[in-house]
Structure formats: structure tokens, C-alpha cells
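**Q** Based on the hints, put chain S in the right spot on chain F.
There are 2 protein chains.
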Amino acid sequence: MHATLLHGPRDIRLEQVPDAELLEPTDAIVKVVAACVCGSDLWPYRGVKETTEPTRIGHELVGIVEEVGSAVRGVRPGQFVIAPFVYSDGDCVHCRNKIHTSCVNGGVFGAGKARSGRPVDGCQAEYVTIPQADGTLVGLDETPDDRLVPSLLTLSDVMATGHHAAVSARVVAGSTVAVVGDGAVGLSGVLAARRLGAERIVAFSRHADRQALAREFGATDVVETRGRDGAKELVELLGGIGADAVLECVGTEESMAQALAATRPGGMVGYVGVPHGEDGLPLQRMFGKNVGVAGGVAPARAYIPELLTDVLDGTIDPGRVFDREFALADVADAYTAMDERTAIKSLLRP
Amino acid sequence: MHATLLHGPRDIRLEQVPDAELLEPTDAIVKVVAACVCGSDLWPYRGVKETTEPTRIGHELVGIVEEVGSAVRGVRPGQFVIAPFVYSDGDCVHCRNKIHTSCVNGGVFGAGKARSGRPVDGCQAEYVTIPQADGTLVGLDETPDDRLVPSLLTLSDVMATGHHAAVSARVVAGSTVAVVGDGAVGLSGVLAARRLGAERIVAFSRHADRQALAREFGATDVVETRGRDGAKELVELLGGIGADAVLECVGTEESMAQALAATRPGGMVGYVGVPHGEDGLPLQRMFGKNVGVAGGVAPARAYIPELLTDVLDGTIDPGRVFDREFALADVADAYTAMDERTAIKSLLRP
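Protein chains in written order, with this note's numbering: chain F, 5 to 354; chain S, 5 to 354.
So here's chain F without its partners, still in its complex pose (with noise of 0.2 Å):
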């Protein structure tokens, strides 16, 4: 079978590998339909993060089971399943708590090892074992038609983040919210906060085909400007309040400090882009305006059954961030359409 490894910075290549295996009884083989490149594929592929030898990569996926281990009792081969980008047990006390990114048994698709020591496949790949199955994968009770599998394909990431963004933000009927980050997770994130009920939405964005997603996708307004500044014009557009909510979808010292400024007193920050900064979070000015943060990485498994039930009615579309579309051989190409954005998000297909 093949499978993309990242070998060092720019340099991601499709390879043949050993066939896909059941390691573990608990395991299953799912045949990949759809996969995709994450802004945080990003990292390691631009050299930010090292890579030390030739890695598995990519945590996104759809797919169809081919095979089961002895254990799994959830889903059967032929079934088209969702993975979240992050295999858990189910049942452990994290994931009953719904925070199954903390799962005992868990792990992350494409790290290259779990904890075990057990291998761990990339998803950007013709054939994926999935630990835990049971646990991990949400299994559809029919086939879906074809045009939906882009959106399917978000749950497993980008549109759970999103909504994580805006939950933890604590976005309800009726919020102004504000979301830092117009790539695929901050779209999301206007989309959810739309789902929430938010009543207006503004999103900081500088790129026109961006600008128009995030107002297809519910924002009311849109702010060009970036960092403080940005953040006084968004508080100037509110009347001079700041957002209820503000969703920060980037990662960096700046757009955490962007969202920080963003919010009015009493508000909430929603973060889940992950940190790069090197500082931490400005406790005293957060102190005095009672701004609050939480976030972190998104339990995506804990989302997937509701926001599947809104793709499959029709209620949301976010798939609508795949805007290119490439076979796994070009996954190379899928790489740099997304490094010289000239794609919000790239879509694989084995």
C-alpha cells in the first residue's frame, strides 16, 4: 500500500509500506475515501517542528472498514466510519468526562509511536490501522452519498475544533462573537458559532475568497486589520464593548493577545490553535477585565454524533472549506497549495 511520509522540511513524499495490520484485537483496518492537510501538518512540514527520521503523517480521515480484530464490537468491514484525529478508548473516566484527547488509551493518528510503543499509522495514506475502534470511530448506518463525504471529512478535525473553539468560548443564542484565524478551524468556527445561535459574528480576515466563506458561513462583519489594532476597530464596530466571545484560531502570542483585546469584560476566549508563543497569558490585564480562557485540543470524538446529524440533514455545509482537491499521488502538491495558501484546505483521495 502507500503511504505520505514526511521526510524533513518541504520534503513530503508518497511511499509503498507495508500493508496496513491488526496489531491488537481492539484494532481495525479502514480503508481510506477521503483525507486531508491540516494547518498543522504545517508545522512540521515547514521544519518549525523537527522530524528526526521519515514520519507517518496526516490525522484526518474518512473511510470504509475493511477489516476488524477479534474485539471490536462497534463497527463491521463495509461500514463508512469517521475517525477523529485522535484515537480513545471510550471509556475511560476522561472520555465518559467527554475529553477524550486525555483518554488513558489514547493517542494521536500520525505521531509515529503511542505510548505502548506501538506503531501508529498517518492517515494520508491508502489504508489506516485505527487503535481502539470501538472507541474511536463514529460508524454511519448507510453509505453517504459522495457530495458529502468533504463535510463528513471535517468532524474528523477542522469542524470539531471549530465548535470547540465556540463552546469553550461559551457562545449561546444571542452572542457577538469575534474569530481570530480565517483558515479552515476559524471558518468552522464562524459555522458553529452560527449553529450556537450567535447573533452577530465577526471574523478578522484579509483575504477576499476567505472573507466571502466566512460570510457564507454566517459572520455579519468582517475586520481586515490585524493584532491590537485589530481589536480596537472590532471594539469600535460593537459600540465599544468588545465580543461576548472570541474564538482564537491561530496559535501565536499575537492573535492570543488579538483575542485577549477583542473581548469585553466578563467575556470568554476559546482557544485552539495550537500555542507556539513562547510566553504565557498576560494573568494580571485578564485579572482585571475577568476574561477567561479555555480550549485546548478538541475531544472531536465527543462532537462528531451531533454535528454529523446537522451534515447529514443539510443544516451544515463545512466542507465547504476544502476548496482543493488532489489524488494521494500529489499529496506533494496538496502540501504546497496549502504552504503558498493558495488553498484554504487540500482534500486527498486514495
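By construction, these hints were calculated from the structure, which means they are not laboratory data. Treat the hints with care, since some could be wrong.
Remember, identical chains collapse to one label, so a pair may be satisfied in a single copy or spanning two.
[As the list claims (entries may be wrong)] In silico DSBU-like pairs for lysine-lysine, Cα to Cα no more than 35 Å straight-line: (1) K35 <-> K236; (2) K236 <-> K117; (3) K35 <-> K53; (4) K53 <-> K236; (5) K117 <-> K53; (6) K35 <-> K117.
**A** This is chain S only, laid out in the frame that chain F set:
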């Protein structure tokens, strides 16, 4: 009249000062029935926060309205009132959002001067001029029994602040809660958590008298170890999980690190200790665990009405945090008692 002034490190004096005056039509003058010393008063008292000129101090009081300005409608001379530690107009956008501490016309008692330049009294005095009296004061229908005075006085700050920690940490019925800090605020946090229905409440404390009061207020367990080791002990006590909600009621880097380490994945830290550390919050560690942080300077004015009901009907007795009482003339002794930890909290009677 007499008022307390801080002259420099550990130099606190009751002095003759000009009588309290109505400076604006929205002011009221209150004759102090009881005031007290706050843990946060100890920062300037100890010289950690510099005092450049003799400064009125104290920000907690209950009293009887003596005189009101021409624009005051909500309270009348002779009425028993509670003043939160921050005055506020009650109808700006932030007050309507219940974050009175961000009031556009607000300020804190004992801070010297308001943003407008007008002088603002401290509450450790015989009389206090209250700015924005209608927005600030909560008047009682009847003058309460004197035995209720200590509990009513806690609504000015510590009980409201403990409640803010609990609300910010999202304590709900059935929550498992840990409280960092066994001062008056931490103990009030224990009581607030019990009042909100927490099932298990672990108090961090190494002082027998405070442990006893914590248990009386609802603590089910006590952990004596501090810092990260204390957090580890807590996690073991809770079966390896950490608390759903942790109340950080100290304000040092160590106490915040302890609070974060004591929180389960997906849990919240509610923080009300005035931050005195240099560093910010460790965002990357919070990200992986999905631990959020909310809180800040407590909008006591927002909470007084609901807490007042419970004090008046005897449901809660937060005044138990006052274990020493002093005449206002002995204010220096009241500070010494708290500085040397021979008192949890010192009450002052003019």
C-alpha cells in the same frame, strides 16, 4: 472624623481627617457599622506594593446611610447598607453584563483618587463617602440583628469573591472541587462551592483552625501538602483524576501552578487571587489538558442580592471567617494579627 491611613511598610495609623462630604449629587455618606482588613490590604502594608504618600485604606463596609446627594433615589438616610469593594453606576454596559468591576464610572475604595480625579475614601473609617450610591449600595429593608453584621460584611468582598471563584470554575451540583488558599477568601470559596451543590470539596490547608472552619463550611477532605506535590496528593485522593473545578484563592505563581495541576482534563480553574507572579499562564500545558482559567476581580455587586438572601435566612454564615474583632482605634493591631497570621480576618468596629 477618623480614618485609617497607610504611611509606609507596616506603618498604619488612625488619624483625624476632614469630615466625609457629598462631592457629587450621586454620592451618599455612610456611617460605618463594621469594616475589616482584607488579605489584599497586606500587599501595600508589607511594602510589596509601594506607598508613595499617606493613603486611605480599606474597601469593605456595612453601615447606615447618613446623608444622600440630590440625585440619589435607591437608598435613604437611616437605611442599613452593604457596599461592595468597587463602586459602580449600575447601568453602564458592563454593569448590565454583571461585571460591575469594569463600570465606566467605577473605581475601588481606598485607591486614593478616581479616574475623574475626585478623591475616594477608604472604608476603615468612621464615615465613608460612597460615589455612585444608587449603583453601588445594596440597602436592606430592615436594620438586621447585630449578630448578622459579620456575615453581611463578608458580602462586601470575601464571600462574594469566593463565590466568584466557584462560579468562574463552573461549580455545579455534584462537582468535585479543590480550593487552593485557606485565607478568608479560600474558606468562603469552600462555602460557596457547598452552596452550589458540590459533592466533594477538598481544602488545601496546613493550619488546624482553618482546616476546622473549612470542614464546618463544607470541606469533605483536607490536603496539607502544598505546591505540585499537594496537587499530586489530591489527584491520588480523587482516584487519579483531578478535580472538576479548582478555586485559586492566593495569587502567586506557585498557587496557580498547584491549581492547574490539580484540575482534571476538561476542568476549570476559577481564580480570584490577585496575580502577583511575573510569569504568565503555561498555555501549552493547559492546551493539552483542556484546562481553562476564568475569574478575576469579583463583581461583588452582582452577587450580593442572592447571597444576602441566604445570609438573612441563615443558610450560610460566612461571618465565621472573622475570628478577631478590634475597635477601629486599634486598627494597627488588626493588621498585625493578620500579618502574623494570628487572625484569619480582622473585623473593625468604629
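**Q** All hints are to be evaluated individually against the structure, with a verdict given for each.
**A** Results of checking the hints against the structure:
no., hint, result
1, K35 <-> K236, "neither (49 Å within a copy, 43 Å between copies)"
2, K236 <-> K117, "between (45 Å within a copy, 27 Å between copies)"
3, K35 <-> K53, "within (29 Å within a copy, 64 Å between copies)"
4, K53 <-> K236, "both (33 Å within a copy, 31 Å between copies)"
5, K117 <-> K53, "within (17 Å within a copy, 51 Å between copies)"
6, K35 <-> K117, "within (21 Å within a copy, 70 Å between copies)"
When held up to the earlier numbered hints, the structure conflicts with hint 1 and nothing else.
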